[in-house]
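S.K.: Sequences are here, hints too, so could you generate the full structure?
Heads up, the sequence shown is in the working numbering, so the first residue is 227 and it goes up one at a time.
FYI, nobody ran anything at the bench for these hints, they're computed from the structure.
Among the hints, a few may not be true.
[Said to hold, decoys possible] Just the calculated beta-carbon pair ranges, DEER-fashion:
no., residue 1, residue 2, range
1, Ser392, Lys355, 39 to 47 Å
2, Ala261, Leu317, 25 to 33 Å
3, Asp300, Trp487, 20 to 28 Å
4, Val352, Ser328, 27 to 35 Å
5, Arg503, Ser328, 42 to 50 Å
6, Phe386, Ile433, 35 to 43 Å
7, Thr387, Gly504, 47 to 55 Å
8, Ala263, Val481, 37 to 45 Å
9, Ile433, Glu502, 21 to 29 Å
10, Ile433, Thr480, 16 to 24 Å
11, His295, Leu245, 15 to 23 Å
12, Ile260, Pro302, 28 to 36 Å
13, Ala263, Thr387, 38 to 46 Å
[What the hints assert, rightly or not] Here are the simulated EDC-like cross-link-like pairs (lysine to aspartate or glutamate), alpha carbons at most 20 Å apart as the crow flies:
no., residue 1, residue 2
14, Lys246, Glu323
15, Lys494, Glu428
16, Lys298, Glu499
17, Lys298, Glu428
18, Lys298, Glu507
19, Lys246, Glu502
20, Lys355, Glu337
21, Lys494, Glu323
22, Lys355, Glu507
23, Lys298, Asp491
24, Lys355, Asp300
25, Lys298, Glu492
Built from N, CA and C at the ideal position, the CB exists for glycine as well.
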Amino acid sequence: MEEQETYEGRRSEKKISWLKVFTGGLLLYIFGVIALAATRNTNIFPTVVILGNFLVPITYVAFFYQRRHLSKLDMPTTAWAFFYGGLLGVLAAATLEPIFLSQHKLLYSFEVGLIEEFAKILGVLVIAKRCRHDSQMDGLILGAASGMGFAALESTGYAFTAFLASGGSLSQTVLITLVRGVIAPIGHGTWTAILVSVMFRESGPRIFNINHRVIGAYLTVSILHGLWNGLPEVLSIFPLPLVNVFIGQVFVATVGIFLLWRRYDEAKRLQIERQERGIPEAACWSDRYER
Numbered sequence: 227m228e229e230q231e232t233y234e235g236r237r238s239e240k241k242i243s244w245l246k247v248f249t250g251g252l253l254l255y256i257f258g259v260i261a262l263a264a265t266r267n268t269n270i271f272p273t274v275v276i277l278g279n280f281l282v283p284i285t286y287v288a289f290f291y292q293r294r295h296l297s298k299l300d301m302p303t304t305a306w307a308f309f310y311g312g313l314l315g316v317l318a319a320a321t322l323e324p325i326f327l328s329q330h331k332l333l334y335s336f337e338v339g340l341i342e343e344f345a346k347i348l349g350v351l352v353i354a355k356r357c358r359h360d361s362q363m364d365g366l367i368l369g370a371a372s373g374m375g376f377a378a379l380e381s382t383g384y385a386f387t388a389f390l391a392s393g394g395s396l397s398q399t400v401l402i403t404l405v406r407g408v409i410a411p412i413g414h415g416t417w418t419a420i421l422v423s424v425m426f427r428e429s430g431p432r433i434f435n436i437n438h439r440v441i442g443a444y445l446t447v448s449i450l451h452g453l454w455n456g457l458p459e460v461l462s463i464f465p466l467p468l469v470n471v472f473i474g475q476v477f478v479a480t481v482g483i484f485l486l487w488r489r490y491d492e493a494k495r496l497q498i499e500r501q502e503r504g505i506p507e508a509a510c511w512s513d514r515y516e517r
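M.R.: This is the structure in structure tokens:
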């Protein structure tokens, strides 16, 4: 009974913690937008844009990190996955897309999905190469961090492009930031979390196994990515285009969230089974370079 109360207390603290991240960041962002509009001081423009585009991704990662259950994955490693995943992912995608993308409208969106879903796991490979990576929960959290790092940097680029294209319109920049912030949790972070969780589940302690299940997960999230990008253009030719596009996007988002929930539920179950069988969780996350 006492253990149950302690567990419930921890759950309550976890919920409050990620909410503090979000509400605190949101208040700072609102204050920044007001200050920028009032002063027209362009020096604070990058700060406001970065804060707005990183708020939701960081909150998303905090939400899952605080629900890592029995995992020994530490915050510095998760933060490095966010950094490497975002930076390497954006640079790799920017390099590969001009080379491999075709001009075929039907295939373009799916080609983008294949390239970006590959690019986003590069940061995780860098982080996990010297540690045990056979825990699905670790993979889910690192995948979410890597995907959200990518989303944050990509959204920052979109906001900056909107600012330049609109001739310095603050309202356009804020609008892009808000829209990208709303859709961030149902896009990059979810897709990469699904893929990396399966990759960790199928791998051994010191080697990544790329089997048919991992390839299947990669193709699944790439298709979801392609549908998300391509459905608006396809459905816009039908009557009631806004309604059709909204329904299509909701469908893609629902499938992604459902698959992520399945992976998270399975990851918790596998953690409990590992504990019961006496298989230790990876200890090198907190002290990676001693091994």
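S.K.: Does each hint fit the structure? Answer for all of them.
M.R.: Structure-based check of all given hints:
no. : hint                           : in the structure
1   : Ser392 with Lys355: 39 to 47 Å : holds, 43 Å
2   : Ala261 with Leu317: 25 to 33 Å : holds, 32 Å
3   : Asp300 with Trp487: 20 to 28 Å : holds, 25 Å
4   : Val352 with Ser328: 27 to 35 Å : holds, 29 Å
5   : Arg503 with Ser328: 42 to 50 Å : holds, 48 Å
6   : Phe386 with Ile433: 35 to 43 Å : holds, 40 Å
7   : Thr387 with Gly504: 47 to 55 Å : holds, 53 Å
8   : Ala263 with Val481: 37 to 45 Å : holds, 39 Å
9   : Ile433 with Glu502: 21 to 29 Å : holds, 25 Å
10  : Ile433 with Thr480: 16 to 24 Å : violated, 35 Å
11  : His295 with Leu245: 15 to 23 Å : holds, 19 Å
12  : Ile260 with Pro302: 28 to 36 Å : holds, 34 Å
13  : Ala263 with Thr387: 38 to 46 Å : violated, 20 Å
14  : Lys246 with Glu323             : violated, 38 Å
15  : Lys494 with Glu428             : holds, 15 Å
16  : Lys298 with Glu499             : holds, 16 Å
17  : Lys298 with Glu428             : holds, 19 Å
18  : Lys298 with Glu507             : holds, 6 Å
19  : Lys246 with Glu502             : violated, 34 Å
20  : Lys355 with Glu337             : violated, 27 Å
21  : Lys494 with Glu323             : violated, 36 Å
22  : Lys355 with Glu507             : holds, 16 Å
23  : Lys298 with Asp491             : holds, 18 Å
24  : Lys355 with Asp300             : holds, 16 Å
25  : Lys298 with Glu492             : holds, 17 Å
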